[in-house]
Amino acid sequence: MAKLKLGTIPDDKPVKLTIELPAAIHRDLVAYGNALGRETGQGVVEPAKLIGPMLVRFMATDRAFAKLRRTESPPQRPHSEKSASEKLT
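Every position in the sequence shown, counted from 1, becomes a number in our numbering once 233 is added.
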């Protein structure tokens with residue numbers, strides 16, 4: 234079998250979104266989840282758990298998006314790091 238682009242799905246704290254998908258995409262997600270589960274040995278992966286990693290992979294490989302983020306976004310800092318103004322209060 235061909236190697237799938239997604240690997241093991243990490244168990245991470247999710248943010249809930251409600252979306253509508255065409256039935257054909259849902260069927261494909263179910264089939265992908267079954268194939269991924271067989272390939273990784275983690276059992277059937279629910280379609281909802283696939284969408285986040287698929288979007289991450291898509292955005293990570295979109296060169297135009299990466300360039301846009303580098304030019305338009307200020308660097309992100311960890312939540313635990315305080316800015317100079319926050320340290321004064």
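Hints are supplied without guarantee of correctness; some may be wrong.
Listed next, the in silico BS3-like pairs over lysine-lysine satisfying Cα-Cα at most 27 Å (straight line) [said to hold, decoys possible]:
{"id": "1", "residue 1": "Lys282", "residue 2": "Lys246"}
{"id": "2", "residue 1": "Lys282", "residue 2": "Lys249"}
{"id": "3", "residue 1": "Lys236", "residue 2": "Lys282"}
{"id": "4", "residue 1": "Lys238", "residue 2": "Lys249"}
{"id": "5", "residue 1": "Lys300", "residue 2": "Lys238"}
{"id": "6", "residue 1": "Lys238", "residue 2": "Lys282"}
To be clear, the hints were calculated from the coordinates, so they are not data collected in a lab.
Inset, instruction - Check each numbered hint against the structure and report the violated ones by number, ascending. - result: The structure breaks none of the hints.
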